[in-house]
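Can you make the complete structure from the sequences, with help from the hints?
The chain contents come next:
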Amino acid sequence: MPIQYYIYFCLALFSIGIIGVLTRRNAIIVFMCIELMLNAVNLLLVAFSKLHHGTALAIDPATTVGTDGQLFVFFIMVVAAAEVSVGLAIIVMMYRNTHSVDINFLNRLKN
Amino acid sequence: MNAIIFSAIMGVVMMFSGIITEKKSAISFVAVVALFILLAANIANTYGLCSISINTHDLLHFSKFGLYFNSILITAALIFVLLSGSAVEKVGNYAADYYALIFFVLCGTSILTSFNGLLMLFLGIEIMTIPLYILTGADKKNLKSNEASLKYFLMGSFSTGIMLMGIALVYGANGSFALTTPAAVPNSAGVIPVSFLLVGGYILLFVSMCFKVSAAPFHFWTPDVYDGAPTVFTAFMSTIVKAAGFFAFLVLFEANATLLGPSWKIMLTFVIIATLLIGNITAVFQQSVKRMLAYSSIAQAGFMLFALYTYNDLAKEGILLYAVAYCLATIGFFAVLVKVKDHSFDGFNGLAKAQPVLAFSAVVFLMSLAGIPLTAGFFAKYYMLAAVIKSGGSFWIVLVALVFAAISVYYYFKVIQAMYFKSGDPEIMEVSSGYKTAIVLVSLLVIAIGVLPSIVLNWFYF
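Taken in order, these protein sequences are the chains called A and B.
For the first sequence, our numbering begins at 1 and goes up steadily by one.
For the second sequence, our numbering begins at 1 and goes up steadily by one.
These aren't lab readings, by the way, just hints derived from the structure by calculation.
Because the structure is a prediction, the values reported are computed rather than measured.
Backbone N, C-alpha and C define an ideal beta-carbon position, used for all residues, glycine too.
Among the clues, some could well be false.
[To be verified] Stretch by stretch, here's where chain B covers chain A in the computed footprint (C-beta under 8 Å, at least three residues): (1) 31-43; (2) 75-84; (3) 90-96.
Below, the structure written as structure tokens:
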């Protein structure tokens, strides 16, 4: 498949994530949309990695050029897991105090 | 490498110190000792005395500038713990864990002052911000703290998502995560092809870095988060973390600003003017001193962005001096604010009568933030603007910055006016004589740097 398909697909996923973050009011769903954004990036990185590796292979069959993109994906996964553990703890903490996970509640601070 | 390894180890040591002893003052003492060790390790690394070196395959690059900047940040953290250690103990029952998180943040800042690729940039920013989400929500029973923490977390991970998309697009164009882009080969007609992936990627990176350093129009989370977080941790994250963010911003775009062509200057000018405008004008209308400081930190970010506008030596010296001046003054003023129970302007009424020493130090810190001569803030602002003029940049942007600096005098002096010229009975927590001595020493340091800025800058060259 041409790389453009991957780029368009990932940008679409990413945009869905952004729209979700900006419009949804449930903290958990906002959180899931952020995860969607990160996963769109993961997919794009893997696609690019394959592309660069493929072009480098044609020149030198023993090359490792382009594999670092896939390594980056593992880093993103680890960091995202750390973020999930902290984020869910924060949401639980808020739920204990207010019995809701609605982020409209956040507007109180402005006054 | 020393600072990264030691700060991670010290974080673990702090967690264990919480198991061994219940005494909070002992925990603060351990933190101070650990920070001294960290500072010594980093300075030893700067001069190559005993540095651990690991082959990182060009992921990290240790320059004199970065190591010196890191020393400044660690020193600021040391002053923060010495001054506000007692306030950190009062936030909750987990003093050892707060210190551990502070050390993990310092690990992130050490990575950010030495990164040499987009992978380490991403890891540094995440290691720095994830502990901050927890510190923001440290006051678990307080609703404001909860809200601030959730808001910071959602906005922070949202901007991380944008940053990652930028990195992925840059990777697609370059084929590597290196900072410098391989020079594009002109095509047969002599035109250098523009890679949309590259330009789009760097614009997304720019947006996400603006988020992290709270530059307008991506500043909206800052006032709420700084206002809601426990006051001590606001002092920490509005100084050390922000300065490290600026350093990363500078290094990232020092290598790549030319890529965006003339539109880079236009984009940056817009961001600088918007940041100065929104920060200063909104700060004028605040009722709470803490919230005013949040907006003033946005305004100060506008000044620090001038270092990105010009990359000459003067701008590098300027960002060093600005980091020192801003960290000292903000940490010092927050140390006064912690002791005042009512954070509104009226809460400061008559402070000069009740606590003359605290009030005097507060005046020095506020004057430094406003950039009055004989304080460190003056030379910081002077170097920034001189760098713009030296690089032949537009003169009108300097004039705009000066006008906004004049506006900032108004809201800083409103606090001084409340302290000295209004009568009242401020509610103040108990202030020990050691605390007073420490705070006066910091204010004397601010004045010393204001008279002789070379005491900061000379170290950069030796």
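Hints, verified against the model:
no. : hint  : in the structure
1   : 31-43 : holds (count 6)
2   : 75-84 : holds (count 5)
3   : 90-96 : holds (count 4)
Checked against the numbered hints given earlier, this structure breaks none of them.
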